[in-house]
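For reference, the chains in residue letters:
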Amino acid sequence: MIPWDKLHGAMTHFPIALLMFSTACDFVSVAFKKLSFARGLRLVSFYGLAFAALASLGAVVSGIALTKGDMWGRGDFGWHHRFVWPAFGLLVALAVWRLVVRDAMSRTGLCLYLVLMLLASGFVAAAGYFGGELLLSGGGVP
Amino acid sequence: MIMTPLEIKGAVAGVITSVFILVATFTAGGIYRNHIESETEPGNKPLDAATLAAKGRTFFFQSCAHCHGQDADGGEDAPSLLKLQISGTHMALVIQSGIKDEMPSFAKKYNEQDTAAIVAYLKTLH
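Residue numbers (my numbering), protein chains in the order written: chain A, 1 to 142; chain B, 1001 to 1126.
Treat the hints with care, since some could be wrong.
[What the hints assert, rightly or not] Straight-line C-alpha distance at most 20 Å; calculated SDA-like pairs for lysine to any residue:
1. 1083(B) <-> 79(A)
2. 1055(B) <-> 1125(B)
3. 1009(B) <-> 111(A)
4. 1009(B) <-> 104(A)
5. 1083(B) <-> 1060(B)
6. 6(A) <-> 1102(B)
7. 1108(B) <-> 46(A)
8. 1009(B) <-> 46(A)
9. 1009(B) <-> 6(A)
10. 68(A) <-> 1030(B)
11. 1123(B) <-> 34(A)
12. 34(A) <-> 106(A)
13. 6(A) <-> 1100(B)
14. 1108(B) <-> 3(A)
15. 68(A) <-> 1107(B)
16. 68(A) <-> 1031(B)
17. 1100(B) <-> 130(A)
18. 1100(B) <-> 1089(B)
19. 68(A) <-> 1088(B)
20. 6(A) <-> 1096(B)
21. 1100(B) <-> 9(A)
22. 6(A) <-> 1089(B)
23. 1123(B) <-> 1051(B)
24. 68(A) <-> 1112(B)
25. 1123(B) <-> 1060(B)
26. 1108(B) <-> 7(A)
27. 1009(B) <-> 50(A)
28. 1009(B) <-> 89(A)
29. 68(A) <-> 1096(B)
30. 6(A) <-> 1060(B)
31. 6(A) <-> 1103(B)
32. 1100(B) <-> 1074(B)
Keep in mind that the hints were calculated from the coordinates and are not lab data.
Could you build the full structure based on these sequences and the hints that come with them?
As structure tokens, this is what we get:
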């Protein structure tokens, strides 16, 4: 029997960490765009976002298996899902957008991208918070 | 220009991919849930709610009542289980996983059907 609770607990941390790291790299690269390592930071943020999107698939699949297909729920469980689904959708959309555009961003595109990255990070953080609440109340990894 | 054609193309691709993946995820989740529900009892005949709750009540008195109280209104070290504000899935997860340093896991003692019965009983306490 596959320990979905432990797998989900382990896999969720990859998209959370990678997305936030990617967002931070983007903001630092914008703030220090004249420095030579800004280009490197943008490359790191690109791969961070791409791997966050890939890792989120594993987190979602293990989550669905863990909850036996309950995609919504009540209480903390419901709140976890209210933030998870927008975060997942936004993360995938941003990764695809970045894959297409790469570094050829206009000023407007970059601003919009950064705002949406912040929003996605907020959703992911909130989903993680309510996931942690579930954990503390015994609904997850023991 | 507000956004370049490449950015617009990327945005369209991103939105389409995102919507497709979300729809596929929810569809797969729904199919999986229906599959699980159809397998809850041998012969694909789920017990009616009253029978399931009665079975769960038996398990409750065997394993839960000595900590949570005979009336499920709480004990010295365990909270009341009356009017729980969590979903059935969440209740099942707690029963199966336990709570670290607070409540043991009952995964080895009760299978998924038994756990569903306990959850059905707890829901009657609302």
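If you test the structure against every hint from before, which numbers come out violated?
7, 9, 11, 30
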